[in-house]
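Whenever a hint applies, use it, and build me the whole structure from the sequences.
Here the protein sequences line up with chains A and B, keeping their order.
Numbering follows my numbering, in which position 7 of the first sequence is assigned residue number 7; successive positions increment by one, without gaps.
Numbering follows my numbering, in which position 192 of the second sequence is assigned residue number 192; successive positions increment by one, without gaps.
Hints were generated in silico from the structure; no laboratory data involved.
There's no promise every hint is true.
Claimed, not checked - What follows is a list of derived Cβ distance ranges for each label pair:
{"no.": "1", "chain 1": "B", "residue 1": "251", "chain 2": "A", "residue 2": "70", "range": "31 to 37 angstroms"}
{"no.": "2", "chain 1": "A", "residue 1": "169", "chain 2": "B", "residue 2": "224", "range": "48 to 54 angstroms"}
{"no.": "3", "chain 1": "A", "residue 1": "136", "chain 2": "B", "residue 2": "28", "range": "33 to 39 angstroms"}
{"no.": "4", "chain 1": "A", "residue 1": "167", "chain 2": "B", "residue 2": "223", "range": "14 to 20 angstroms"}
Yeah, the Cβ is synthetic: ideal placement off N, Cα and C, and Gly gets one too.
Read off the chains here:
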Amino acid sequence: MIEVRDLKKSFASHCVLNGVNFQINRGEAVVIIGSSGGGKSVLLKHLIALLQPDSGDVFIEGQNITKMNERQLIDVRRKFGMLFQSAALFDSMTVEENVGFMLRREGKCTDKEISDAVAEVLDMVELDGTQDKKPAELSGGMRKRVGLARAVIYKPEILLYDEPTTGLDPIVSDSIDQLIAKVVQQLKVTSIAVTHDMRSAKRISQRILMLHEGKIYADMSTEQIFQSQDPVIYRFVNGIADVKHIVL
Amino acid sequence: MTTIAREFVQQWLVGLGRGTLLVWETVCSIFSRKPTWRDVLHQMYFIGVKSQSVVLITGAFTGMVLCAQTYFQFHKVKMDTATLAVVAVAMGSELGPVLTSLMVAGRVGAAVTAELGTMKVTEQIDALRTLAAHPIDYLVVPRFLAMFLVMPLLTAESICIGITAAYLIGVYLLGIDPTYIWYNMLRYAGATDMLTGIIKAFVFGAIIIIVSCDKGLNCPQGAEGVGQATTESVVYASISILISNFFLTMLLNRILGS
Numbered sequence: 001m002i003e004v005r006d007l008k009k010s011f012a013s014h015c016v017l018n019g020v021n022f023q024i025n026r027g028e029a030v031v032i033i034g035s036s037g038g039g040k041s042v043l044l045k046h047l048i049a050l051l052q053p054d055s056g057d058v059f060i061e062g063q064n065i066t067k068m069n070e071r072q073l074i075d076v077r078r079k080f081g082m083l084f085q086s087a088a089l090f091d092s093m094t095v096e097e098n099v100g101f102m103l104r105r106e107g108k109c110t111d112k113e114i115s116d117a118v119a120e121v122l123d124m125v126e127l128d129g130t131q132d133k134k135p136a137e138l139s140g141g142m143r144k145r146v147g148l149a150r151a152v153i154y155k156p157e158i159l160l161y162d163e164p165t166t167g168l169d170p171i172v173s174d175s176i177d178q179l180i181a182k183v184v185q186q187l188k189v190t191s192i193a194v195t196h197d198m199r200s201a202k203r204i205s206q207r208i209l210m211l212h213e214g215k216i217y218a219d220m221s222t223e224q225i226f227q228s229q230d231p232v233i234y235r236f237v238n239g240i241a242d243v244k245h246i247v248l
Numbered sequence: 001m002t003t004i005a006r007e008f009v010q011q012w013l014v015g016l017g018r019g020t021l022l023v024w025e026t027v028c029s030i031f032s033r034k035p036t037w038r039d040v041l042h043q044m045y046f047i048g049v050k051s052q053s054v055v056l057i058t059g060a061f062t063g064m065v066l067c068a069q070t071y072f073q074f075h076k077v078k079m080d081t082a083t084l085a086v087v088a089v090a091m092g093s094e095l096g097p098v099l100t101s102l103m104v105a106g107r108v109g110a111a112v113t114a115e116l117g118t119m120k121v122t123e124q125i126d127a128l129r130t131l132a133a134h135p136i137d138y139l140v141v142p143r144f145l146a147m148f149l150v151m152p153l154l155t156a157e158s159i160c161i162g163i164t165a166a167y168l169i170g171v172y173l174l175g176i177d178p179t180y181i182w183y184n185m186l187r188y189a190g191a192t193d194m195l196t197g198i199i200k201a202f203v204f205g206a207i208i209i210i211v212s213c214d215k216g217l218n219c220p221q222g223a224e225g226v227g228q229a230t231t232e233s234v235v236y237a238s239i240s241i242l243i244s245n246f247f248l249t250m251l252l253n254r255i256l257g258s
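In structure tokens, the structure reads:
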């Protein structure tokens, strides 16, 4: 289980997270929505301790990860897989080396076993046969798929997705969404995605958290969010700009 | 003016503190975890083999110009045959290690900072961390070990090439007697001079890699940030080499008594 308690984070004088609280149970598929620059990615990075909060706590299976050093976090991070907004593939490595990176680092598998595992996950993301390509040779959608394959190869318990469909066309976005749903279903993992793409949020979540002005403004099921008449939620879900914020 | 000076000192102290912690973590990692020798070998190739042209040209032309200048002065007082002795001492204890290190700082230090800086801004270092790999173990340790092993070899190579080039220029271009020039070199240039150069090379290598890794891992965001970090890396490493060279010369002179 993941629990976030009164999390606060500022960059210089700009307060990004101002007392965030929520819990996510094992096996849940949760999406965090919110406006661009509203702190969604910052919140996601706190869940895997890529950022340290100014105050507040993050508990993963009862362990407070905000109090751990980088070495102690290595064991905690084995439970996680993360798909970055830019995929963050290692550009000096081939697809096979990227996807098999963690298995190779662990040193517990033979080259043949790693190669088979890589082929299996690449097949799952429908990219089998691209093992020898470099990230620079792949399209944006393919890079995200490789990033996803890299995140799931070691069968993590929790998967984090940072804007999985941003910058992709609607058809590729749909295929990524289907892939995420497939991974959640097949691997039975806890899934937490950050997005402002409401179509995507609807397809990959059971529950939605809305981050607004540094706090969790809404914590509802996906259906409830889409039916909500709350003006802030309604405007965000339906993509309606606040008249006060329109400058001609 | 006071504010600028205060900021400069503050930044310098922060950098020094960060560098010290990086050295500590790197040394701890080397002794507590098994380094990946495949990565070390790859870095040795990048630092050593790919620096050959730079090191050879630097060593050879420094030796040649030093030989010519020394000869021009010594010739006035009929001390031509002492030329190679001066070149050997200067190349062995000062010019060899310092110039080789400055060239390596420019070539390897800049490349390391640019590579790590780009990894930082494209979230590849964060990706490493999510894959349960410590950036120090994976990125810094192989480079540190490779530099530690390669830098003395590059320096020795530069010294040898410099002396050889000086010998050839002295004998075949300036017409100095080959027997006496060789005899005087062996008489006045000792193993201590070479040892001084090799010890300095270890220290300069460590400075280059720590400064360049620190700048890369703490690179500001964006293309401008990478450019700024790369420039700072070369400048700080070069200045650190020149300053530490003075103190090392004094210290090693006292210890080795050259």
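Check each numbered hint from earlier against the structure, then list the numbers of those it violates in ascending order. 2
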